[in-house]
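**Q** So the sequence lines, in the order shown, correspond to chains A and B.
The numbers in this note's numbering rise by one with no breaks, and the one at position 62 of the first sequence is 69.
The numbers in this note's numbering rise by one with no breaks, and the one at position 3 of the second sequence is 483.
It should be emphasised that the hints constitute simulated quantities derived from the structure, not laboratory data.
All C-beta atoms in this analysis are idealised placements derived from N, C-alpha and C, irrespective of residue type, glycine included.
A short, non-exhaustive set of chain B residues, derived as facing chain A with CB atoms under 8 Å:
1. Pro523
2. Gln528
3. Gly538
4. Leu570
5. Phe585
6. Pro587
Pulled from the structure, derived: some chain A residues nowhere near chain B, Cβ distances all over 12 Å:
7. Arg29
8. Ser80
9. Pro86
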Amino acid sequence: AQSVTQLGSHVSVSEGALVLLRCNYSSSVPPYLFWYVQYPNQGLQLLLKYTSAATLVKGINGFEAEFKKSETSFHLTKPSAHMSDAAEYFCAVREGNQAGTALIFGKGTTLSVSS
Amino acid sequence: ETGVTQSPTHLIKTRGQQVTLRCSSQSGHNTVSWYQQALGQGPQFIFQYYREEENGRGNFPPRFSGLQFPNYSSELNVNALELDDSALYLCASSHSGGGHNEQFFGPGTRLTVL
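Same shape as in the complex, but just chain A (with noise of 0.2 Å):
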């Protein structure tokens, strides 16, 4: 079965600090890995997909993350943090076959941004 694992279930950065979230997978095939955010009371929100197209991906709102196999790694950053970024992020594994797919999510990260 595939995981994902989401080191740190806080990180506090301050307004225009790099923001770094890590996420390491476990795969025995070539993963399809995806980052979403949570804002309070809200659903999720695609940020961005790795889908082997390209390992630097980049998604909405300046994040980006990097995939390394080597590493079984996933992490997600954002060169400079704005208050608007605080909210709860999820790396997630997509598990099956085309026909039907499940989305194995970590338990996340809660970004605190202060001015």
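Given chain A's structure and the hints, the job is docking chain B onto it.
**A** Below, chain B without anything else, positioned relative to chain A:
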């Protein structure tokens, strides 16, 4: 283009009762997945429906059941509610049959079991 919608927004039930949650998929999507998100946790896959049939199931007991209708909307039914069923229930729609099956999530239904 209408996104994924869910109803109701909030729901309070007592232990032992039954509940039905509803989801309307995004236009053009034929697959619906349901997830349970307990407080402070990541979403957990309950099951997926494609062409009105269950097409994959997570580690949830049979008292969690669902339906998908010809218009691709879906229901999640939970019988004999337990306190641990209190959670945010998320519905996600996608299009199976091509592409990477990106899942688009609704805002969720917050279920509280007393």
